[in-house]
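In UniProt numbering, the protein residues as written are 1 to 811.
Please note that the accuracy of each hint is not assured.
[To be verified] The calculated lysine to aspartate or glutamate pairs, modelled on DMTMM-like cross-linking and capped at a C-alpha distance of 25 Å, are:
| hint | residue 1 | residue 2 |
| --- | --- | --- |
| 1 | K669 | E601 |
| 2 | K330 | E298 |
| 3 | K669 | E605 |
| 4 | K630 | E616 |
| 5 | K618 | E594 |
| 6 | K669 | E606 |
[Claimed, not checked] What follows is a set of in silico ranges between Cβ atoms, one per label pair, in the way DEER data are often shown:
| hint | residue 1 | residue 2 | range |
| --- | --- | --- | --- |
| 7 | R350 | P302 | 34 to 40 Å |
| 8 | E325 | G590 | 57 to 63 Å |
| 9 | P77 | V764 | 41 to 47 Å |
| 10 | A373 | L191 | 46 to 52 Å |
| 11 | A418 | L774 | 15 to 21 Å |
| 12 | S23 | V773 | 53 to 59 Å |
| 13 | S632 | R750 | 47 to 53 Å |
It should be emphasised that the hints constitute simulated quantities derived from the structure, not laboratory data.
Think of the CB as a built atom: it goes at the ideal place given N, C-alpha and C, for glycine as much as any other residue.
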Amino acid sequence: MSGSLKIKDGTDANAAAALASASVERVTIPVSGMTCAACQSFLQRELASQAGVQDATVNLMLHNATVTFDPGATSTPALVDAIRSTGYGAELPLEHQSALEEQEDHDEAQLREYRQLRLKAVVSLIAGGVAMVLSMPLMTINSAAGMERMKDPLMSWNMRVLDPLLRSALPWMYEVNADAIRWFLFALATLILCWAGRRFYTKAWSALLHKTADMNTLVALGTGAAYLYSAAGTIAPGFFVSRGIAPDVYFEAVTLIIGLVLVGNALESRAKGQTASALRKLVQLQPKTATVLRSGTESSVPLELIQHGDIVLVRPGERIPTDGEVISGKSSVDESMLTGESLPIEKTSRDRVMGGTLNQRGSLQYRATAVGAGSTLAQIVRLLREAQGSRAPIQRIADRISAVFVPTVLAIAIVTFAAWRVFAPYVGVMQAFAAAVTVLVIACPCAMGLAVPTAVMVATGRGANYGILIKGGEALQRLENIDTIVLDKTGTITAGRPVVTDFVLATRDSDAARIQSTGLAEDHVLRVTAALERASEHPLAEAVVQYATGRGLNLPRAQEFESFPGLGVVGVVDGGTVLIGNPALMKKHGVTVEAMNEIAERMSEEGKTPLWIAIENKLAAVLAVADTIKPSSIEAVRRMRADGLRVVMLTGDNERTAHAIARRVGVDKVIAGVLPAGKVDAVKRLQAEHRVVAMVGDGVNDAPALAQADVGLTMASGADIAMEAGDVTLMRSDLTGVAAAVILSRGTMRVIRQNLFWAFVYNVIGIPVAAGVLYPAFGLLLSPVIASAAMALSSFSVVTNSLRLRGLKLE
Numbered sequence: 001m002s003g004s005l006k007i008k009d010g011t012d013a014n015a016a017a018a019l020a021s022a023s024v025e026r027v028t029i030p031v032s033g034m035t036c037a038a039c040q041s042f043l044q045r046e047l048a049s050q051a052g053v054q055d056a057t058v059n060l061m062l063h064n065a066t067v068t069f070d071p072g073a074t075s076t077p078a079l080v081d082a083i084r085s086t087g088y089g090a091e092l093p094l095e096h097q098s099a100l101e102e103q104e105d106h107d108e109a110q111l112r113e114y115r116q117l118r119l120k121a122v123v124s125l126i127a128g129g130v131a132m133v134l135s136m137p138l139m140t141i142n143s144a145a146g147m148e149r150m151k152d153p154l155m156s157w158n159m160r161v162l163d164p165l166l167r168s169a170l171p172w173m174y175e176v177n178a179d180a181i182r183w184f185l186f187a188l189a190t191l192i193l194c195w196a197g198r199r200f201y202t203k204a205w206s207a208l209l210h211k212t213a214d215m216n217t218l219v220a221l222g223t224g225a226a227y228l229y230s231a232a233g234t235i236a237p238g239f240f241v242s243r244g245i246a247p248d249v250y251f252e253a254v255t256l257i258i259g260l261v262l263v264g265n266a267l268e269s270r271a272k273g274q275t276a277s278a279l280r281k282l283v284q285l286q287p288k289t290a291t292v293l294r295s296g297t298e299s300s301v302p303l304e305l306i307q308h309g310d311i312v313l314v315r316p317g318e319r320i321p322t323d324g325e326v327i328s329g330k331s332s333v334d335e336s337m338l339t340g341e342s343l344p345i346e347k348t349s350r351d352r353v354m355g356g357t358l359n360q361r362g363s364l365q366y367r368a369t370a371v372g373a374g375s376t377l378a379q380i381v382r383l384l385r386e387a388q389g390s391r392a393p394i395q396r397i398a399d400r401i402s403a404v405f406v407p408t409v410l411a412i413a414i415v416t417f418a419a420w421r422v423f424a425p426y427v428g429v430m431q432a433f434a435a436a437v438t439v440l441v442i443a444c445p446c447a448m449g450l451a452v453p454t455a456v457m458v459a460t461g462r463g464a465n466y467g468i469l470i471k472g473g474e475a476l477q478r479l480e481n482i483d484t485i486v487l488d489k490t491g492t493i494t495a496g497r498p499v500v501t502d503f504v505l506a507t508r509d510s511d512a513a514r515i516q517s518t519g520l521a522e523d524h525v526l527r528v529t530a531a532l533e534r535a536s537e538h539p540l541a542e543a544v545v546q547y548a549t550g551r552g553l554n555l556p557r558a559q560e561f562e563s564f565p566g567l568g569v570v571g572v573v574d575g576g577t578v579l580i581g582n583p584a585l586m587k588k589h590g591v592t593v594e595a596m597n598e599i600a601e602r603m604s605e606e607g608k609t610p611l612w613i614a615i616e617n618k619l620a621a622v623l624a625v626a627d628t629i630k631p632s633s634i635e636a637v638r639r640m641r642a643d644g645l646r647v648v649m650l651t652g653d654n655e656r657t658a659h660a661i662a663r664r665v666g667v668d669k670v671i672a673g674v675l676p677a678g679k680v681d682a683v684k685r686l687q688a689e690h691r692v693v694a695m696v697g698d699g700v701n702d703a704p705a706l707a708q709a710d711v712g713l714t715m716a717s718g719a720d721i722a723m724e725a726g727d728v729t730l731m732r733s734d735l736t737g738v739a740a741a742v743i744l745s746r747g748t749m750r751v752i753r754q755n756l757f758w759a760f761v762y763n764v765i766g767i768p769v770a771a772g773v774l775y776p777a778f779g780l781l782l783s784p785v786i787a788s789a790a791m792a793l794s795s796f797s798v799v800t801n802s803l804r805l806r807g808l809k810l811e
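Can you build the whole structure from these sequences, using the hints too?
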């Protein structure tokens with residue numbers, strides 16, 4: 001996919017370079033084998049260093065890499081080869097595969113991974129439990145006085161509490177030959193390491209070949225050291241006895257550590273699947289088949305075989321297969337799953353429908369206008385996948401730490417071993433070894449790597465359910481700092497479709513009053529007025545015509561039509577001269593208007609545009625046209641102000657009309673009389689006041705101002721979605737999503753900071769405790785098994801904390 005990149009303050013230099021390129025391509029490559037933040041950071045650096053690569057983002061959650069590159073300098077196959085050369089798996093993206101199909105494949109792979117991890121975790125834990133029970137007789141047999149052994153708090157507790165129970169329940173177990181037990185445990189641990197733990201060792205070896213280190217390195221070193229020591233104690237126990245060291249084996253620790261780490265991975269994988277629940281729900285909206293009318297015959301065809309222009313039939317209770325335009329039928333359609341709009345939308349001829357929405361009570365026949373990757377649902381899924389694969393600027397903190405985390409932990413483990421030998425030589429080499437292993441096991445960079453992307457994934461999914469499409473972590477983070485909201489008036493605050501709001505006849509006694517009935521006099525005036533306006537191209541003319549036809553009036557043909565720019569129109573209808581325009585036009589033709597000046601003045605003060613109507617040079621009526629305020633705008637603006645935001649209305653209307661609407665809506669400031677080209681300058685002036693500005697517009701005429709603002713929010717309308725114009729797309733055609741987007745951003749950043757805090761604090765506290773800093777004062781040590789459980793739960797806690805965003809109230 002080619003295109004330009006939108007650059008905001010604070011973006012990477014690589015992204016800025018991308019902007020300078022006349023033509024770039026962006027590709028998302030599936031990546032397998034990543035397990036922690038160090039993997040993500042390493043692969044990201046490697047991709048960024050490739051020739052022609054202008055920006056690279058690797059996502060641990062989605063297992064993919066999004067790369068922006070110069071096609072003249074590199075290619076997608078070359079990037080895939082670069083990833084494979086680092087030891088991770090990569091595949092070429094499938095051509096012509098829609099975002100919906102990509103997500104389905106990802107969900108299936110995620111489910112397979114979870115099931116495999118769960119099976120290996122359960123088997124490993126069972127094996128670890130068996131190994132722990134069988135290790136107790138060995139601990140008793142090897143308890144010869146004066147022999148050095150590891151001070152494992154977990155095994156010490158087992159010996160005090162469980163050992164007496166086992167002795168009474170299974171006395172025969174304590175009579176089994178110690179060597180036989182060791183060899184059995186050796187075989188069991190070897191089986192677990194080669195089957196369940198193989199992934200840690202192969203990936204650690206691959207990382208070593210590429211002169212890097214990750215979580216697998218820590219797990220492999222910790223369990224590998226314990227395994228090799230135990231294997232030596234099994235093969236040559238006399239070597240240890242001769243040196244005053246009990247030939248204890250720690251196969252139970254090896255298998256339990258592997259099992260507990262796998263439990264953490266399985267829980268993490270399951271939670272990752274939950275973070276993508278919004279995407280999964282969107283994918284499930286699309287039906288697999290559709291009923292198509294071809295050559296007068298109905299037939300059910302797979303969705304991928306629907307062609308542009310096909311006639312599709314939808315019955316009550318069925319989901320609409322793809323986007324289209326209704327050609328016959330009438331029904332109400334539930335679009336809440338895409339737009340967040342709670343009420344069903346009435347659909348009839350010429351209305352647009354979106355694939356994935358639910359047809360409720362009537363039957364519809366429509367012509368397919370967008371299929372496959374071009375459908376609204378596919379675009380939303382694509383946009384959401386890209387957003388969830390993006391990085392928030394705050395992620396750079398975790399990236400920098402992750403890059404040096406594992407080497408730092410390895411150094412701490414070595415220092416830990418040396419410190420025990422130097423400052424506590426009386427406890428022996430075994431305790432120094434145990435402390436070093438515990439440091440390796442408890443340290444986990446996964447939590448730091450998951451802190452930001454999990455929150456971004458859940459937040460963007462939560463937003464999508466509400467009808468807010470946020471295009472990535474950067475926009476989500478910038479939204480938090482917004483203090484000024486600039487609202488374009490037409491189509492944003494107002495409906496963008498002028499309608500007739502008042503129709504007042506002039507009476508003989510000059511006492512003009514709103515006519516509520518549809519009497520003959522009123523119908524005649526309205527009929528000739530609309531007939532003349534039908535010949536006009538003025539934006540307000542259509543509103544008058546629709547008002548008249550909506551009342552069932554048949555309009556005659558106007559003759560001798562003439563338009564006077566800035567004044568109005570003149571013509572002949574039914575043999576009589578009709579004038580429609582402002583007081584200047586009336587004065588020009590000698591029509592007296594003073595009798596209705598007061599009413600017209602009131603209309604203007606209310607933000608309406610009065611049109612004076614004269615028939616045969618006599619004042620007949622005043623008709624008011626206005627772009628009506630959306631029902632939700634007043635409440636939405638109130639919520640913005642309650643959240644501490646300054647609300648500014650930007651419009652090309654005159655001051656009087658603009659301030660009339662502003663008073664009704666409740667905005668703080670009005671910038672009126674602004675041409676489309678001047679909207680950018682208006683945003684710049686606000687930014688010059690050191691304000692962080694969000695611009696809300698329709699995504700077409702407002703595109704330059706949306707790009708200039710710190711955050712651009714695009715109002716979408718139905719299926720006509722300009723999703724590329726801003727940083728955020730509001731699927732609802734009202735302003736309620738603006739305040740909700742700010743709430744979502746603030747809630748997400750709060751969760752991200754919590755995640756990063758606890759991920760850092762966990763390691764800051766856990767590693768020193770594992771090293772034994774509390775032992776001199778309190779005699780407190782940490783078992784390697786308990787350390788592995790803590791490591792497993794750290795990542796899981798970060799993901800589950802992010803999942804709280806699914807319940808964030810946006811109203």
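For this session: Go through the numbered hints given earlier and state which of them the structure violates, listing their numbers in rising order.
Result: 4, 7, 8, 13
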